[in-house]
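Peer 1: Protein chains in written order, with our numbering: chain A, 1 to 268; chain B, 1 to 268.
Bear in mind the hints are in silico, worked out from the structure with no lab data behind them.
The reader is advised that the hints may include incorrect statements.
If chains are identical, the list can't say which one is meant, so a pair holds when it fits in one copy or spans any two.
Calculated pairs, SDA-like style, for lysine to any residue (alpha carbon to alpha carbon, straight line, at most 25 Å) [what the hints assert, rightly or not]:
1. K47 - D67
2. K113 - N96
3. K47 - N9
4. K228 - G94
5. K123 - G94
Number of protein chains: 2
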Amino acid sequence: MLVVKAGGNGGLNTEAICGDIAELVRKGEQVVLVHGGSHETNVISEKLGHPSRFVTSVSGHVSRYTDRETLEIFTMVTAGRLNKLLVERLQQLGVNAFGLSGLDGRLLEARRKPALRVVENGKPKVLRGDWSGRIERVNAALLRTLLASGYVPIVAPVAVSHEGEALNVDGDRVAAAISAALKADGLIILSNVPGLLRRFPDENTLIHHIPKDRAEEHLKLYAQGRMKKKLLGTIEAVRGGVGMVIIADGRVENPIRQALAGEGTLIG
Amino acid sequence: MLVVKAGGNGGLNTEAICGDIAELVRKGEQVVLVHGGSHETNVISEKLGHPSRFVTSVSGHVSRYTDRETLEIFTMVTAGRLNKLLVERLQQLGVNAFGLSGLDGRLLEARRKPALRVVENGKPKVLRGDWSGRIERVNAALLRTLLASGYVPIVAPVAVSHEGEALNVDGDRVAAAISAALKADGLIILSNVPGLLRRFPDENTLIHHIPKDRAEEHLKLYAQGRMKKKLLGTIEAVRGGVGMVIIADGRVENPIRQALAGEGTLIG
Numbered sequence: 001m002l003v004v005k006a007g008g009n010g011g012l013n014t015e016a017i018c019g020d021i022a023e024l025v026r027k028g029e030q031v032v033l034v035h036g037g038s039h040e041t042n043v044i045s046e047k048l049g050h051p052s053r054f055v056t057s058v059s060g061h062v063s064r065y066t067d068r069e070t071l072e073i074f075t076m077v078t079a080g081r082l083n084k085l086l087v088e089r090l091q092q093l094g095v096n097a098f099g100l101s102g103l104d105g106r107l108l109e110a111r112r113k114p115a116l117r118v119v120e121n122g123k124p125k126v127l128r129g130d131w132s133g134r135i136e137r138v139n140a141a142l143l144r145t146l147l148a149s150g151y152v153p154i155v156a157p158v159a160v161s162h163e164g165e166a167l168n169v170d171g172d173r174v175a176a177a178i179s180a181a182l183k184a185d186g187l188i189i190l191s192n193v194p195g196l197l198r199r200f201p202d203e204n205t206l207i208h209h210i211p212k213d214r215a216e217e218h219l220k221l222y223a224q225g226r227m228k229k230k231l232l233g234t235i236e237a238v239r240g241g242v243g244m245v246i247i248a249d250g251r252v253e254n255p256i257r258q259a260l261a262g263e264g265t266l267i268g
Numbered sequence: 001m002l003v004v005k006a007g008g009n010g011g012l013n014t015e016a017i018c019g020d021i022a023e024l025v026r027k028g029e030q031v032v033l034v035h036g037g038s039h040e041t042n043v044i045s046e047k048l049g050h051p052s053r054f055v056t057s058v059s060g061h062v063s064r065y066t067d068r069e070t071l072e073i074f075t076m077v078t079a080g081r082l083n084k085l086l087v088e089r090l091q092q093l094g095v096n097a098f099g100l101s102g103l104d105g106r107l108l109e110a111r112r113k114p115a116l117r118v119v120e121n122g123k124p125k126v127l128r129g130d131w132s133g134r135i136e137r138v139n140a141a142l143l144r145t146l147l148a149s150g151y152v153p154i155v156a157p158v159a160v161s162h163e164g165e166a167l168n169v170d171g172d173r174v175a176a177a178i179s180a181a182l183k184a185d186g187l188i189i190l191s192n193v194p195g196l197l198r199r200f201p202d203e204n205t206l207i208h209h210i211p212k213d214r215a216e217e218h219l220k221l222y223a224q225g226r227m228k229k230k231l232l233g234t235i236e237a238v239r240g241g242v243g244m245v246i247i248a249d250g251r252v253e254n255p256i257r258q259a260l261a262g263e264g265t266l267i268g
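Excised from the complex, chain A in its bound form (with noise of 0.2 Å):
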């Protein structure tokens, strides 16, 4: 069983990675796909009148800064356009595909974040209001049923509170955490960079193993931005007992193929 995670930040080669999952579901492969959706949401989000905002937290990181119409706009784009842009292609390809949300049958259960703490012209703050969280359970279950059934999951990065309160979520995150819910045999990360690399933007400076022991410090050694995001759910991942985790380029012809042929960043 293979999870894949496909960036949110535009550039993928949609068109391919849907491709080789058709190919792996006509060999009998069990597979579930996890999206992002940041890029689209920015520019839905402008159209709308309502721009995204983003803020950089006291430890360096920058994120999305959630209010309610930007939850709303954010579950809309990623949960129906998306996430059903994704299917219809999968469907049109033969493959069962069946969309859902971490809000549908309580599929990722999120803590919600009590408090954004960041910091605006220099000076520290604490931001109120902020509808995202952290995944704390998967409903595996769920996920076990579908996949039985005969149906791909491809899952939108919108988590339910405790209280039933629709959250973003991390994409990267959510793919980490459902591959170790399901054990699975691997985890495959694509993204508009060919894996970790040495010196960012260098892509001749590729990494192509992490042991699993140094991931730690890799990430605080080379992770760059969103890289940050992908290397914590990979060691999440490897922690969690996935066989295989794979950071590796979208971008390219047949971008899952060449992950599993070797390409990219192999941790553990």
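Assemble chain B onto chain A, guided by the hints.
Peer 2: Positioned in the frame of chain A, the structure of chain B alone reads:
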């Protein structure tokens, strides 16, 4: 088992509908909720710079012209916004709601309409490039699996064509097709009128009961606009073996409880 349709034309008491569903589920009743999204699609299409276009068929029906961009907005709004807001509200009320569209697991298979025959400026015309369809098959096994696992399915009115394309389908006909496929005990269609009116829009002329064999006569004599599709849906449901079909007021307190207590128009 009960199938409830909550109209997409605005003005409904969604809070009260969710409250009634939560009460039924607590009592052990199996419920499937089908929703619309026409009004909200108009609002968001307008904001996104692609306003809705309505056409009149040669037989006099007014319907949405669903070009590809409209299909994508319709899908985003119904499956990603309205569907997830309903799921969120029901989750907050303790109901394990599960939102899905007809694309997901091929829940609703439809045949794409080859072309719309419309009248524009008094002249008949053939409109191509329409992405709407007529439901031909319901994946009842999928709904039964969800219901048996304790989930409450919430269905958005998007179907999948035999070729795997997304299609806009009528929510009332979706509810009718699902209730017939599940051989539901009842179908309740909630809208912003009290039921079928003898002289629309005079709400004092409510028709309380339509015998099964006189439904088509009533359709021709009294149904106006959207009510035609609702009545068509009820005829399909009754023919499909649904025990009790009610068209009732969705604007009131306890709309489902009131319909079950004898309010609205009972067909059959």
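Peer 1: Any hints from earlier that this structure breaks? Give me their numbers in increasing order, please.
Peer 2: 4 and 5
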